[in-house]
Amino acid sequence: MKEIVVISGKGGTGKTSLTASFAMLAQDDIIVADCDVDAADMHLLLKPDFAKTEDFYSGELAIIDQDECNSCNLCFEVCRFDAITVNGRQYSVDQVNCEGCAYCSRVCAVEAITMQPQIAGKVFTSSIKTGATMVHARLSIGAENSGKLVAKVKKEAKNLAKTQNKSFVLVDGSPGVGCPVVSSLSGADYVVFVTEPTVSGLHDLERVNDLVKRFKIKSGCIINKYDINEDVSKQIQIFLSKENITHIANLPYVENFTKAMTLGKTIIEYDKILSEILRNSWKNILKDCCE
Amino acid sequence: MKIAIASGKGGTGKTTVATNLAKCLSETDNVVLADLDVEEPNSALFLKAELVKEEIKYKMIPHWNESKCESSGICQKVCNYNAIMLLGSQVLVFKELCHSCYACVELCPNNALVMKPERIGVLRYYHSEGLDFVEGRIDIGVEQTVPLIEKTKKFVDTHFKNTEIKLYDSPPGTSCPVIEATKDTDLVILVTEPTPFGLHDLTLSVETMRALGKRFCVVVNRWGLGNEDVLDYCKRENIEIIAKIDNNRRAAELYSKGDLLYDKLPDFKKEILNIKEYIFDRI
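So the sequence lines, in the order shown, correspond to chains A and B. Residues in the first sequence are numbered consecutively from 0, following numbering that gives the first Met the number 0. Residues in the second sequence are numbered consecutively from 0, following numbering that gives the first Met the number 0.
Isolated chain B, as found in the complex (with noise of 0.2 Å):
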């Protein structure tokens, strides 16, 4: 079972719920945590696994062979991205904005464009006294992160395929690269807090997984802070709310150490526990 944990709004906790889950399931379970918040991976800081190996990860570009080219303009013509461009007879490329589609490399009469890989990140895999953590990190300065997410998705099928329960921490936000980490997963779990701001991104966070056919429940974080308007929205909206964990300035405090809570703090566990129950009910 692929499970997601994700969130609209950043700080919300997904971190936290996602490491301390990870840890307790696998004192009785296989897991593997894949950490796919790759512009800010920070699982690694809670879980102080030990690292087994790591890959750089690559994405395709495409080179220009100047001796090659005639200068037909058929790249730049066929980059629906705008990242080719023939400048008098110098082909220029902007990897930022290239996507990888082959179609400038293979439409090129003239087969003066081959494409290369060009590093975009680095692939980390720890172990931990039952507890498989693959983390992707993208590079300062690349744009795009949907390429690594992809492989570091990847590398949990190949490595992990028997492996029963797989979480990804998923980036933050509604767009592209929260879509990569949820789209092939059973089950989503968006963690929120009960302010305007947490309830206003897990709307749109709600309208995402709606709109990919994901199957969502919501653990809300910090409860006691803010407002119960989250609630009335979960019961109005027919979603189910499987965990509440409580506002607690002892539990930032761990947190802010990179502490995991489960094992400090009675309440918080109680609630993980409602969150290994919910999945085990739907394995």
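Next comes chain A alone, as it looks inside the complex (with noise of 0.2 Å):
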């Protein structure tokens, strides 16, 4: 089994809509994992049912018991992150600003602060229109630690896929070079970045790739709307020669990819043109990750 990651750095590539079009390619032999769980999209595309909800517990926040504190002040000078409000002699916790490190709760010596676990989020294990199954999450509001929810989807998708015997798990990763980024690219066997033509989306690939490279796996590129600059599309390829990603594809700047979209449907089920590039690519990354 392996484990094909698709990231771009930079939001907006067209990422999202790619990952799907190629889990609409792989039809029943993958586990497709939306590890964006920031702003998780992929189910709008491959319209998951949801029959299987599971909460995520991560991270905890302190509460005061009013009728406990005797107001001695110690809470709020071991707090590091401001969370600790004091009005007059009354203590309370600011939850936007509480990182649930529970010193409070340890030097507390009448024993008036407890910690509580947060539901950090959900996390779906649907069947999606190929018949496939999808692994995906939503991250609850403000919620912390969106790099252990995407660990958790990563640790599920996997299960799944030696348990059915699928050949690959195909993982939509978040933008950035952070923890979910970091999270999800652990364990993988081979990345495919989504990048374009534009001072941004170079910038961010290269930031992106110097990430990659520390986990020595292997990587290709497709250059999303390639005709918008040639110019700096010619010094995207340059780069990904220089740092032997393979160049997998480049596509045109076409309507239909957001139209698309709009429909709810993925590219592969809305135009020919574009269907026949992805096609191709997708046999490259599986060329290319299986070599």
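Just so you know, the hints here were simulated from the structure itself, not pulled from any lab data. Glycine included, C-beta positions come from ideal geometry on N, C-alpha and C. Check the hints yourself; a few may be wrong.
What the hints assert, rightly or not - Now the stretches of chain A that chain B is said to cover, found in silico as 3 or more residues with beta-carbon under 8 Å:
id, stretch
1, 9-21
2, 101-114
3, 135-143
4, 208-217
5, 226-240
6, 257-264
Make the complex out of the two chains shown on their own, each in a separate frame, by following the hints.
Laid out in structure tokens, this is it:
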């Protein structure tokens, strides 16, 4: 079983539309994992049935029992996150600022502070329109630990790939280079970068590639909307060959890309020319990944 | 007035709105723009400002002093993030998991742990014709971005106390980095696009801003693409749309080169002026 992760550095390059298209092409031989848990959108194209829902607990928040509190001020003194609010003799916890370190609860002499586990999100296991299984999630509003939720989604997807005997896990990652991205890269066999020929697309690709190199994962790249700026497209291709990243394909800027999304369809179900490019791309990815 | 420019979905035009708005406002007013999208900071690519100052930023991490340690195991017990482990008589610190709460250091009965600064990224301060610009840039491999966002905001607060308009280009998403970037602002401008992805992620941002009790409004970018669902949603939810920027291949081409748009596209400038007017009505 191989794990393929699609990331982009910059947001809005078409990563999710392409991942969903690959999910269509792979038909039933994959498990799909939407690890862009901050702003998960793949379900809008793949129409999962939300068959199984599970709460995901992660992190804690401090709560002060007003009846027990003797206003000794110790909690306020030890908190590094400005999360203890003092109003006269009344002490309370600012839920936005509290990072759940529990230091206050450990030093409270009258045990007035308890730590409450937080539901950080929900994890869904679904059947999608190809019949394949998809694991996806929704982060609770304002929750922390999106990296841990990503790890949970991936673990679930990998377990299912083993029990259902599937060849691939296909992961839609998140933008950026921080903890959710690190989480989605750990244990991956192949990375597909989706970029666009803009100064920011290239800048962000360079940064996320630096991260991927640390994991020593083989990678390939799709340049979406390559004809928006052919000069930058060329710069990207030079960068790819210098960094030993397989250039998988160039996709033209066409409005059908968005039109398909507006209808809740993948590109494969909507545009013949793009579909043909993507069919070849998927073949190249599988070949490159399994070499 | 502190104003965050944010979005749930990435690539909707946050940086385009932030940089063009900052530049346009700076023609008449004192403005500072802070790029808080520290994972992928892009504003500098469009502003082409002169670098004035660069500071390395750190977060505090516990370091183990073997000679003082008596293997009480208290550090491991009090760490709520599993960032410290006692393995035999060795103490291991996993710095990416550490939130710098100081519990391990201050509760160790033998003072065997001490906090030391650990590099997490750089802060850059630029200046260009009336516009001050600050950028946070996380080092590759550093997973927690909140401490650098916090430090970048702090730099703005201390150095630009009297600057009337402070703009924050926020990271995408709805989790902790966005909360950090928006939590003490007076207004959040949510940039979206009229597509199912744009709308879905806008609803998540709206829920987040409501949970934080923030005042917010919406800018629709690439209007003409997709459908009108985002307008219906905003109407239903009583959310003000303060600008609608037309979808335009020319804008995409200028953006791709790193050019600002407001001085080249009159229609675009009109929308930026709408945002400006909205802001001034609220000062």
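Here is how each hint holds up against the structure:
1. Remark: the stretch 9-21 of chain A is confirmed as covered by chain B, as 5 of its residues place a Cβ nearer than 8 Å to a Cβ of that chain, reaching the required three.
2. For the stretch 101-114 of chain A, the stated coverage by chain B is satisfied: 5 residues place a CB nearer than 8 Å to a CB of that chain, which reaches the threshold of 3.
3. Counting residues of the stretch 135-143 of chain A whose beta carbon lies closer than 8 Å to any beta carbon of chain B gives 5, which reaches the threshold of three, so the coverage claim holds.
4. Given as covered by chain B, the stretch 208-217 of chain A passes the check, having 3 residues with a CB less than 8 Å from a CB of that chain where 3 are the minimum.
5. With 3 residues having a Cβ less than 8 Å from any Cβ of chain B, the stretch 226-240 of chain A passes the three-residue criterion, so the hint holds.
6. Counting residues of the stretch 257-264 of chain A whose CB lies closer than 8 Å to any CB of chain B gives 4, so the stated coverage by that chain holds, three being the minimum.
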